[in-house]
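Asker: Given next are the chains, with one letter for each unit.
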Amino acid sequence: MSQNAADLDRQGRPVVVVTGMGLLTSLGEGVEDNWRRLCAGDSGIRRIGRFALDGLRTTIAGTVDFVPAEPNCAPELSERMADRVCREAIAQSGIGARGDFPGPLFLALPPVELEWPQRQAMAATVPDAEGYGALLLAAGSGAFKGYYERFLFGSVAENLAVRFGTRGSPVAVSTACASGATAIQLALEAIRRGEAEAALCVGTDASVNPESLVRFSLLSALSTRNEVPEAASRPFSKDRDGFVMAEGAAALVLESLASAKARGARILGVVEGCGERADSFHRTRSNPDGRPIIASMADALEDAGVAADAVDYINAHGTSTPENDRMEWHCVAAVFGERAGSLPISSTKSMLGHTLTAAGTIEAVVTLLSLRDQRIAPTINYLTPDPALPLDCVPNVARDAVMRRAISNSFGFGGQNLCLVLKPE
Amino acid sequence: MRESGPRDALITGIGLVSSLGEGMAAHRAILAAGQPVLDRTSFAPWMVHPLATPDYDRMIPKRDQRQMEPWQRIGTYAAGLALEAAGIRGDAELLGRTHMLVAAGGGERDYEVDAAILAGMPKAADPAAYLNEHLMSDLRPTLFLAQLSNLLAGNISIVHGVVGSSRTLMGEEAAGADAARIACARIAAGQGDLFLVGGSYNAQRLDILLQYEMGGALWKQPFTGVWSRRADGGGMVMGSLGCFLVLESRAHAELRGATATARIAAVATDRCRRYPGEATANAQRQLAGLGALDAAAVLSGASGMAAATAEEAVFLATTGLPVRATASLLGHSMEPSFIANLAIAADVVTQGWLFPPLDAGEAVMTGPVRQAVVTGWGHWRGESMALVEKAA
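Those sequence lines, one after another, are chains A and B.
Mapping of the first sequence onto this note's numbering: position 105 corresponds to residue 105, and the numbering continues sequentially without gaps.
Mapping of the second sequence onto this note's numbering: position 2 corresponds to residue 2, and the numbering continues sequentially without gaps.
Don't read these hints as lab results, they were simulated from the structure.
In this text the structure is predicted, and so the values were computed from the model without any measurement.
Any given hint could turn out to be false.
Unchecked claim - Looking from chain B toward chain A, a few residues come up when the C-beta cut is under 10 Å (computed):
| # | residue |
| --- | --- |
| 1 | Ala52 |
| 2 | Thr53 |
| 3 | Asp57 |
| 4 | Lys62 |
| 5 | Asp126 |
| 6 | Tyr130 |
| 7 | Val163 |
| 8 | Arg167 |
| 9 | Met170 |
| 10 | Ala310 |
| 11 | Ala313 |
| 12 | Val364 |
| 13 | Thr366 |
As the list claims (entries may be wrong) - Chain A is nowhere near these chain B residues, computed Cβ spacing over 12 Å in every case:
| # | residue |
| --- | --- |
| 14 | Gly154 |
| 15 | Gly277 |
| 16 | Gly361 |
As the list claims (entries may be wrong) - Here are the computed distance ranges between Cβ atoms for each label pair:
| # | chain 1 | residue 1 | chain 2 | residue 2 | range |
| --- | --- | --- | --- | --- | --- |
| 17 | A | Glu32 | B | Ser228 | 43 to 53 Å |
| 18 | B | Ala306 | A | Arg87 | 47 to 57 Å |
| 19 | A | Asn72 | B | Gly233 | 24 to 34 Å |
From the three backbone atoms N, C-alpha and C, an ideal C-beta is built for every residue, glycine too.
All chains, please: the whole structure from these sequences, using the hints.
Answerer: Here's what the structure looks like:
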């Protein structure tokens, strides 16, 4: 591609733009439909209908129930959702040809393992044996070869690579709840290196099953406000009591500005910078001094070549756990100083719940839509302000605002902290 | 040899633990002797190459060991060895800008809980309620953190203080090769100077055996090397292993006076659907990209799976290079297998000597070795290749 200075950033790297987006959540399918409902403050959280709820402390989630998946398991539904958002994003971008995407695939995917319906099905074929002995006997019969491919860590990315004709080895990434942003980061770096002119970034997560829910429940991470599901996720409120698990997927076509201009593509936004730091404090908790989170935001701004006062909106990680929201505010205040209290900081998770692996990708799409329409989707369920968090969370109602650029935060278990800097076309 | 430059990716530290022991010197000696270590009884009729359990206390505080499952201990220990070898263990300034690329699957399950639930569910009045009740009461809350793919990297951050960045790739063998490829590409492009790249595998797991038994992918006949299994249907013998490399730009290594063992001159990865000849076409393209070779040997990641191993054998024969498939001795270790072969390749070019054949059909190499080609054909998908040379 051309080395035209207009296509390079201040550090002489290719400017990376977004030319296609796809979105599918518990609110429905399609970017525009989701965006309309988010601006209306709709919640996708509901009582779980997919499995029995006896004995569970949390019985609500933002499930995606309108996409058929057989066998019903996380990798299958994750792949089906990813397939749909890729189609939407590629169609909007107009890049390549059908089944021929001219760049690599970066996929954020939840870790894969055999699930209970499959274990039960296998054990039922050998009623005389017990435990793993039974499962291994069933496996040895050869009747479950389909499960083998389904539950490889590489098969979702492989199948998407085949279907969309992406180039090279597909990269599946897991950085816990920052995965969706990591997929964008890896693509940004690859295009900046000149390794690719375009990349397909996908985040997808369909983890609402009994064991995954119980795992988070046992860590006391989930809201137990089961009575009014749509009011359970309440980021930044004083009475927030945990996150709400949710499903969804998003895709972005990232492309060098030179490539997008050359083919006359419509530019939906710019991925201006990215910052990342790992935290060594604890497996699930952030360092109380917030240094890694603060550094990830500062690094992102430096990478984008802008100062903090050039940011007009923050799409927060905002999970609605007591700890996350407190830490995030503390760190935003450290980076943005006196401006922090008047800077709009909203959490998409108030409406969609926490889509875990997919959250970073979904929220990047939502942030780009905010910038496009100069309109901020609200933090719903904000009725009891937390005096310890004196922030403008765009409470309950969408708001128009003039925004030059925004940041989107993603944090995850295992010390993962990532910040993206996005700006409109 | 390719021209050298300040953005070369040098290996300045290696950490390797496996069934053969710990460290490059131990592996060199046992590779020369050619005797695998096997556990044929614990998981019969399957066999595994069991980990020669290292002294974890040397690298991992007891309280942290208790938070981990074996795959995390193996990897965290190997990472510590690599950091120590590179002279950066405990150096907060350097660790603060060390970037991690980890290849990982998931952690082991609690087999007793699984077995109890499987036994109880069919008899329960309400099986779904039974499942919920037992998951809620029997799962250890912290087990989840020993299972999440990115919590090997998370533990390395906690134990060793590596905090520059942390990315975990999933996808069996290809994840390890892509981790190395991305690290080398970032070094070449100036997107970082110092990287910790690797992964770990605990083969001594019922849930691992289950996954590959579903695919009919495990070798159950008397032990042979990987090439010799083809005639009897092929199959894998899994091996426990952890391997991490410290990769560093030449400029950065020289500035801090670090000693490099070798240089990764090229890494390429690709995929195909494995229709006959497709993997060969990928490998041919990758080989052509390496340019002219000089006194080269091949370290193959062949898994033992019949079709892929047979096709790779034919491809490698066309190169005329001496070959060693290390899975014949170490077992197949999935995510870290490619990284481990990079480590062994680094030692081979540093020593200038290739260890004797490990299986029928592998040729003796008498002359000095100057370059090592590493191949990584995944047991299901993914074809990778790297070129390793002396650092100087």
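Asker: All hints, please: hold or fail.
Answerer: Hint by hint, here is what the structure shows:
1. Ala52: Hint on Ala52 (chain B): violated, closest Cβ of chain A at ~25 Å, above 10 Å.
2. Thr53: violated, 22 Å
3. Asp57: violated, 20 Å
4. Lys62: violated, 16 Å
5. Asp126: The hint holds - Asp126 (chain B) has a Cβ within 10 Å of chain A, the shortest such distance being about 7 Å.
6. Tyr130: Given a least distance of 9 Å, the restraint on Tyr130 (chain B) holds.
7. Val163: holds, 4 Å
8. Arg167: Where the cut-off is 10 Å and the nearest Cβ of chain A is about 6 Å from Arg167 (chain B), the hint holds.
9. Met170: holds, 4 Å
10. Ala310: violated, 20 Å
11. Ala313: violated, 22 Å
12. Val364: violated, 34 Å
13. Thr366: violated, 36 Å
14. Gly154: Violated, because the least Cβ-Cβ distance between Gly154 (chain B) and chain A comes to about 3 Å, which does not exceed 12 Å.
15. Gly277: holds, 17 Å
16. Gly361: holds, 28 Å
17. A:Glu32 / B:Ser228: 43 to 53 Å: Because 59 Å falls outside the window, the suggested range is violated.
18. B:Ala306 / A:Arg87: 47 to 57 Å: violated, 36 Å
19. A:Asn72 / B:Gly233: 24 to 34 Å: Holds - the Cβ-Cβ distance for Asn72 (chain A) and Gly233 (chain B), about 33 Å, lies within 24 to 34 Å.
In terms of the numbered hints stated before, the structure departs from hints 1, 2, 3, 4, 10, 11, 12, 13, 14, 17, 18, listed from lowest to highest.
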